[in-house]
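J.: Go by the hints and put chain U onto chain P.
There are 2 protein chains.
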Amino acid sequence: MSSHSTASEPKPLRLGIAGLGTVGTGTVKIIQNHAALLSKRAGRPIAITAVSARDRHRNRDIDLSDYAWEADARVLAAREDIDVFVELIGGDEGIAREAMTIALKAGKDVVTANKALLAIHGQELAELAEANGRLIRFEAAVAGGIPVIKAMTESLAGNQIRRVMGVMNGTCNYILTRMENAGLPYAEVFEEARKLGYLEADPTLDVGGIDASHKLTLLASIAFGTKPAFNAVEIEGIERVSIDDIRRAADMGYRIKLLGVAQMTARGLEQRMSPCLVPADSPLGQLQGGTNMIVVEGDSVGQIVLRGAGAGEGPTASAVMSDVIEIARNVRLPVFGQPASTLLSSQAARTAVPAAYYLRLELADKPGALAKVASVLGDAGISIDRMRQYGNDRHQQGAAPVLIVTHKTTPDAIDHAIEALPRTGVITGEPVELRIEEV
Amino acid sequence: MSSHSTASEPKPLRLGIAGLGTVGTGTVKIIQNHAALLSKRAGRPIAITAVSARDRHRNRDIDLSDYAWEADARVLAAREDIDVFVELIGGDEGIAREAMTIALKAGKDVVTANKALLAIHGQELAELAEANGRLIRFEAAVAGGIPVIKAMTESLAGNQIRRVMGVMNGTCNYILTRMENAGLPYAEVFEEARKLGYLEADPTLDVGGIDASHKLTLLASIAFGTKPAFNAVEIEGIERVSIDDIRRAADMGYRIKLLGVAQMTARGLEQRMSPCLVPADSPLGQLQGGTNMIVVEGDSVGQIVLRGAGAGEGPTASAVMSDVIEIARNVRLPVFGQPASTLLSSQAARTAVPAAYYLRLELADKPGALAKVASVLGDAGISIDRMRQYGNDRHQQGAAPVLIVTHKTTPDAIDHAIEALPRTGVITGEPVELRIEEV
Numbered sequence: 001m002s003s004h005s006t007a008s009e010p011k012p013l014r015l016g017i018a019g020l021g022t023v024g025t026g027t028v029k030i031i032q033n034h035a036a037l038l039s040k041r042a043g044r045p046i047a048i049t050a051v052s053a054r055d056r057h058r059n060r061d062i063d064l065s066d067y068a069w070e071a072d073a074r075v076l077a078a079r080e081d082i083d084v085f086v087e088l089i090g091g092d093e094g095i096a097r098e099a100m101t102i103a104l105k106a107g108k109d110v111v112t113a114n115k116a117l118l119a120i121h122g123q124e125l126a127e128l129a130e131a132n133g134r135l136i137r138f139e140a141a142v143a144g145g146i147p148v149i150k151a152m153t154e155s156l157a158g159n160q161i162r163r164v165m166g167v168m169n170g171t172c173n174y175i176l177t178r179m180e181n182a183g184l185p186y187a188e189v190f191e192e193a194r195k196l197g198y199l200e201a202d203p204t205l206d207v208g209g210i211d212a213s214h215k216l217t218l219l220a221s222i223a224f225g226t227k228p229a230f231n232a233v234e235i236e237g238i239e240r241v242s243i244d245d246i247r248r249a250a251d252m253g254y255r256i257k258l259l260g261v262a263q264m265t266a267r268g269l270e271q272r273m274s275p276c277l278v279p280a281d282s283p284l285g286q287l288q289g290g291t292n293m294i295v296v297e298g299d300s301v302g303q304i305v306l307r308g309a310g311a312g313e314g315p316t317a318s319a320v321m322s323d324v325i326e327i328a329r330n331v332r333l334p335v336f337g338q339p340a341s342t343l344l345s346s347q348a349a350r351t352a353v354p355a356a357y358y359l360r361l362e363l364a365d366k367p368g369a370l371a372k373v374a375s376v377l378g379d380a381g382i383s384i385d386r387m388r389q390y391g392n393d394r395h396q397q398g399a400a401p402v403l404i405v406t407h408k409t410t411p412d413a414i415d416h417a418i419e420a421l422p423r424t425g426v427i428t429g430e431p432v433e434l435r436i437e438e439v
Numbered sequence: 001m002s003s004h005s006t007a008s009e010p011k012p013l014r015l016g017i018a019g020l021g022t023v024g025t026g027t028v029k030i031i032q033n034h035a036a037l038l039s040k041r042a043g044r045p046i047a048i049t050a051v052s053a054r055d056r057h058r059n060r061d062i063d064l065s066d067y068a069w070e071a072d073a074r075v076l077a078a079r080e081d082i083d084v085f086v087e088l089i090g091g092d093e094g095i096a097r098e099a100m101t102i103a104l105k106a107g108k109d110v111v112t113a114n115k116a117l118l119a120i121h122g123q124e125l126a127e128l129a130e131a132n133g134r135l136i137r138f139e140a141a142v143a144g145g146i147p148v149i150k151a152m153t154e155s156l157a158g159n160q161i162r163r164v165m166g167v168m169n170g171t172c173n174y175i176l177t178r179m180e181n182a183g184l185p186y187a188e189v190f191e192e193a194r195k196l197g198y199l200e201a202d203p204t205l206d207v208g209g210i211d212a213s214h215k216l217t218l219l220a221s222i223a224f225g226t227k228p229a230f231n232a233v234e235i236e237g238i239e240r241v242s243i244d245d246i247r248r249a250a251d252m253g254y255r256i257k258l259l260g261v262a263q264m265t266a267r268g269l270e271q272r273m274s275p276c277l278v279p280a281d282s283p284l285g286q287l288q289g290g291t292n293m294i295v296v297e298g299d300s301v302g303q304i305v306l307r308g309a310g311a312g313e314g315p316t317a318s319a320v321m322s323d324v325i326e327i328a329r330n331v332r333l334p335v336f337g338q339p340a341s342t343l344l345s346s347q348a349a350r351t352a353v354p355a356a357y358y359l360r361l362e363l364a365d366k367p368g369a370l371a372k373v374a375s376v377l378g379d380a381g382i383s384i385d386r387m388r389q390y391g392n393d394r395h396q397q398g399a400a401p402v403l404i405v406t407h408k409t410t411p412d413a414i415d416h417a418i419e420a421l422p423r424t425g426v427i428t429g430e431p432v433e434l435r436i437e438e439v
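For the protein sequence lines, the chains are P and U, in the order given. Here full-length UniProt numbering is used: position 25 in the first sequence is 25, and no number is missing along the way. Here full-length UniProt numbering is used: position 206 in the second sequence is 206, and no number is missing along the way.
Honestly, the hints are just simulated from the structure, not real lab data. Take the hints with a grain of salt, since some may be wrong.
Remember, identical chains collapse to one label, so a pair may be satisfied in a single copy or spanning two.
Claimed, not checked - Heads up, simulated BS3-like pairs for lysine-lysine below, C-alpha to C-alpha not over 27 Å straight-line: (1) Lys105 to Lys40; (2) Lys105 to Lys11; (3) Lys227 to Lys40; (4) Lys11 to Lys195; (5) Lys366 to Lys40; (6) Lys372 to Lys227; (7) Lys195 to Lys408; (8) Lys372 to Lys40; (9) Lys29 to Lys40; (10) Lys372 to Lys195.
As the structure is a computational prediction, the values presented were derived from the model and not from experiment.
The shape of chain P in the complex, shown without the other chains (with noise of 0.2 Å):
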């Protein structure tokens, strides 16, 4: 595009785009497609300069011809050509951090997807990038297409965020709603969902809920004016979810995600990732297969719901060019929404906030057993909302299986619980506790 420029013409940004995987393909597709239109709403025209990937060499249907090309990100990320740093090649250390550190260091603004390194690192490189008078812009890190850093950074920043929660990765709401609907435990559908090819490398990183708390990291540091703690979100992926439970919750109303929430109590900073009921009925009940939802709520403005696709060529790059585009454009905000020197230092609080909680247990078929685990949850402080109990179970003789639904209780009275409910003697195997989070 340089080559066509003259002197009245605004000069192009200029990329150096390192990571050509499905993202990194998708923007220099939208970039190629969208010329004319990109540059409109620029104001300039976006011109890639040069690429980085691992293999130069695999087929990604697009024409990379008229971009120098650089074996090495961090040697991408210097050079001189270059104004913005887009930084699509992941992992929360060796060369993206590497490379993003050169880039801000060498003056350029960077755009990335990177979650993992902006959760774990986010405060030391945002501190490097204003210090530099840099910018690091994430839109696509969070819930691919759906433009929620900006609404918590810019859309939102009259409210004093009271909650911001959600489900974050599209693999687990997949695997969950693909349990219920077909009626297959987890262990298939993992199965399934590997084949499809919709697990990370290491599939912990989607099923072990980190990924997610990576995400819910960043939009509680932008919420709360706090500097990213991913150690201190308290994490459980959905291993446990078993299609008994997504049968007996849809039977109780309520259909079984994979939440993340993050919300400030006077003991400080709560921050989760759990599997929760939410009631079917929901915006996040209803929410199926790969979407993703981020609920925040504020004070001025309630709550607002924000849903589209989490992951994928188009959303994710499509956030990414969102972020270029307003490089281009020179709005300039800082990392987290406000100065990194002014973000606090999270005070970590473990979950206290009350909620309703759904209990399974296997009740042994004796006389007074349901009378003993009543009173194990009065002792416990816990009353009963709902109960339901099943006749014999075919797989368990002897064993009937008990819904209980509670009352807003504390997490440590549910703990106490549980760990009394086995000395009562009257229930089998191990009792099942879902929270079921408000929305």
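T.: Here is chain U on its own, set in the frame of chain P:
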């Protein structure tokens, strides 16, 4: 605040707020209650210099004593000691238009919630703003606290937008959901809404679909890079929606919403606001009460759904503040996302995109009646997807309601059929036809 500022401290952004109704009052409250938070996020203090409203002595339970008072918004707009004119007066002519023009010529940026003014005079005002190097920001003009203007001008700027649609008038959605939930006729719920103060002084702005069409006009302009063309919107309000149709539609798995749709076609830009059927289990179908929802479809991002409070003091003031903060941060974008001079004259096209349609007929109890109806539809090239004939309606002796859901067909074909049906002599009363928008 400026009284506290020191040489080192950044200059406050000085606002002149015209209009102290719900939104104006809410805006003042946010600025008074969140001074420190706003200053941290905006990078500088947000200060109110002067205010203006019709009645100085009305009790708004906010303290205005620190602000200069102007009886005339036009005088406020020209004050030397304001940087931003916040126009919350409303109306597409008169004071609001005059004051905004004065403010822009006097070199002030403008923040407004005035959808009518921008839908009708937006092009001329945007040109004036850009000629003077000024901004007009209007997040609060569309869907209250939902950040849809920012999402479209910024977050989705890398996308070719295919369609934008949504429920943009909370009052209409309240009326329709209340009719369904309480089984009440339109007239009764309309009176309720009036008593509850949900209706504009001129209720046709709400129930006539005009207010929602103003909003649609602005979204279409951003989505397709066209000049705002309110006069080109095909508008139908909710007055003819009967409790009968709401019930019948529900029987078939649909809900009736006042839906605005804008999409670019080969023939030009289609903009329509009309009562439509949407699947009851779709995000739009599930929208209850005053909540708004905007659905944007882009070529890369796919479908993004934004949901939140569409009106009210807090949500709308939240949107006003997001614009104010953006100006404080020195974010300067063209009014409709690209220079006003580059906006195309939207070639208005009458709706021709095919859709399924819902038809309700009162069929005379005569042999062969249904066959006659079916052949009229056949002659019009309309094929039937589903049909239901009910028993004789107790109200209308000898007439039985018949519901028909057609396969996709054109509005023209439907018009022809509607015109021809009475001539069969087998239907009593007016046939009802409603579009089933694909969502």
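J.: Could you work out which earlier hints the structure fails to respect and list their numbers in ascending sequence?
T.: 4, 5, 6, 7, 8 and 10
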